[in-house]
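Position 35 of the sequence shown, counted from 1, bears residue number 35 in full-length UniProt numbering, the numbering being contiguous throughout.
None of these hints come from the bench; they were simulated from the model. C-beta atoms are modelled at their ideal positions from N, C-alpha and C, and glycine is treated no differently.
Cβ pair distances, simulated, as ranges: (1) Asp179 to Thr60: 30 to 36 Å; (2) Asp154 to Asp117: 15 to 21 Å; (3) Pro107 to Pro155: 30 to 36 Å; (4) Asp153 to Thr121: 29 to 35 Å; (5) Ala65 to Gly94: 15 to 21 Å.
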Amino acid sequence: MSDRAAGGQTQLGGEMTEGTGEYNTPLPWVAPLADAVGGFDLDPCASADSDLATENIRETGGLEADWADLTTPACYVGDVSDAWVWCNHPYARGEPERWLAKAHDSPVNVVTLSRSDTSTTAFGEFHTAADIVCWPNTASERGDPRVQFVGEDDPADFPVVFAVFLGDAREEVPQPLRDVFERWGVVTSL
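With the hints as constraints, model all of the structure from the sequences given.
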């Protein structure tokens with residue numbers, strides 16, 4: 001089991017920078033997911049002042065880093081199936097594909113948040129290969145499938161989709177994580 005406290009994520013900072021495609025996730029969207037997996041070990045896309053995970057490596061190259069090395073053994077005690085990465089990647093053109101490829105190929109477990117657009121390469125290649133996908137909907141406890149990102153006055157003009165890519169050592173999505181997604185919307189196991 002991880003040595004990080006479940007739900008220990010308490011802070012999300014940073015402001016939107018026009019044209020970067022970077023959207024910081026509000027804590028009410030991340031905390032239930034963190035609780036469901038015992039906390040996130042790594043956030044490779046975090047803003048400089050975010051503590052949503054034990055390790056924040058954005059400034060040192062989250063895409064180039066070996067996520068397995070950063071979640072084992074320094075960040076947790078246990079087997080690799082307990083390591084979890086939170087990835088709300090940049091949304092600018094070309095970025096989602098790079099980050100989702102990394103999540104898909106990672107030997108550790110990754111939860112991603114992306115723009116929900118089934119016409120994109122990112123969706124066709126990677127979301128269809130995820131272990132589960134969740135589309136938040138208006139009938140859920142969230143009430144709106146669009147996230148109001150940190151620093152924004154209104155919800156995004158696009159819905160989002162969550163995907164879970166299981167690492168090499170885990171065979172199924174933890175039930176508490178599946179339960180959160182089922183409360184939020186439509187869940188598909190692929």
